[in-house]
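Just so you know, the sequences run in chain order A and B.
Just so we're aligned, residue 5 is where the first sequence starts under my numbering, counting upward by one.
Just so we're aligned, residue -4 is where the second sequence starts under my numbering, counting upward by one.
Source of the hints: derived by calculation from the structure; they are not laboratory data.
Just so we're clear, the structure is a prediction, and the values are computed from it rather than from any experiment.
Beta carbons are placed, not taken as given, at the ideal position from N, Cα and C, and that holds for glycine.
Among these hints, one or two may not hold up.
Examples of chain A residues toward chain B, derived with CB under 10 Å [said to hold, decoys possible]:
no.: 1; residue: Tyr39
no.: 2; residue: Gly44
no.: 3; residue: Met45
no.: 4; residue: Tyr52
no.: 5; residue: Glu56
no.: 6; residue: Gly57
no.: 7; residue: Gly67
no.: 8; residue: Tyr68
no.: 9; residue: Asn69
no.: 10; residue: Ser98
no.: 11; residue: Arg105
no.: 12; residue: Gly107
no.: 13; residue: Gly113
no.: 14; residue: Leu116
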Amino acid sequence: NAGVTQTPKFQVLKTGQSMTLQCAQDMNHNSMYWYRQDPGMGLRLIYYSASEGTTDKGEVPNGYNVSRLNKREFSLRLESAAPSQTSVYFCASSDLYRGARYGYTFGSGTRLTVV
Amino acid sequence: GENVEQHPSTLSVQEGDSAVIKCTYSDSASNYFPWYKQELGKRPQLIIDIRSNVGEKKDQRIAVTLNKTAKHFSLHITETQPEDSAVYFCAASRAGGFKTIFGAGTRLFVKA
């Protein structure tokens, strides 16, 4: 049981380049999320997908796009990378059960550096 | 907007002592409060959570308390061990909500 799988683990981009971060979960969760983690700032929500076919903006969506490809997969795209997007990116999934929220399962993270 | 404040940002304790991390949330509609532990270079992992209909929850050496009136919740770790050294994040979300707001984290050092 892999949980949440993210690729790649590390990436270096030049300013203006594009890339897609991939995320897949095998826990049959409905909800998936993309967070970025910067020193001293905790985890900030970029985009989320409450269920297959829906996506919504989080706290810091500018410069990013997402695709919920199917129930398992949720990708994050940087169209034109900027140095301010240097960060560690985490994908996560969770579910509701009888209206009760449950905690996240996180992927192992992608360390992205934009030079 | 909603936010979660977490204190202290750094905490150093002697092995065997207790550690307490405190959080305050702003959204009075929040009703689910998870805590995550993140070891260096690893992913955050859920260690304990509490819902608004409960005032306290324990799991071995860790416990969480919630004061809804004051909008405070805390993590208590007793008999700390070196392997408890990590960054701890508190978080808050609404019933059925999809946005979880995280605190900035507390770096806990347990000295042997």
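Each hint, compared with the structure:
1. Nearest Cβ of chain B to the Cβ of A/Tyr39: about 8 Å, under the 10 Å cut. The hint holds.
2. At a threshold of 10 Å, the smallest CB-CB gap from A/Gly44 to chain B is about 6 Å, leaving the interface hint in force.
3. With its C-beta approaching chain B no nearer than about 6 Å, A/Met45 sits inside the 10 Å limit, and its interface hint holds.
4. Checking A/Tyr52 against chain B: minimum C-beta separation of about 5 Å stays under 10 Å; hint holds.
5. Taking 10 Å as the C-beta cut-off, the interface hint given for A/Glu56 is violated, the closest approach to chain B being about 14 Å.
6. Because the beta carbon of A/Gly57 sits about 14 Å from the nearest beta carbon in chain B, more than 10 Å, this interface hint is broken.
7. Proximity of A/Gly67 to chain B is violated relative to the hint, the smallest CB-CB distance being about 19 Å (cut-off 10 Å).
8. Restraint check, A/Tyr68 versus chain B: the minimum CB separation of about 16 Å is more than 10 Å; hint violated.
9. For A/Asn69, the interface hint is violated, the least distance from its beta-carbon to any beta-carbon of chain B being 18 Å, above 10 Å.
10. For A/Ser98, the interface hint holds, since its Cβ comes within 10 Å of a Cβ in chain B; the closest pair sits about 8 Å apart.
11. For A/Arg105, the interface hint holds, the least distance from its beta-carbon to any beta-carbon of chain B being 4 Å, beneath 10 Å.
12. With 10 Å as the threshold, the beta carbon of A/Gly107 comes within range of chain B, its nearest partner Cβ sitting at about 4 Å, so the hint holds.
13. With 10 Å as the threshold, the beta carbon of A/Gly113 comes within range of chain B, its nearest partner Cβ sitting at about 6 Å, so the hint holds.
14. For A/Leu116, the interface hint is violated, since its Cβ never comes within 10 Å of a Cβ in chain B; the closest pair sits about 15 Å apart.
The earlier numbered hints that this structure contradicts are 5, 6, 7, 8, 9, 14.
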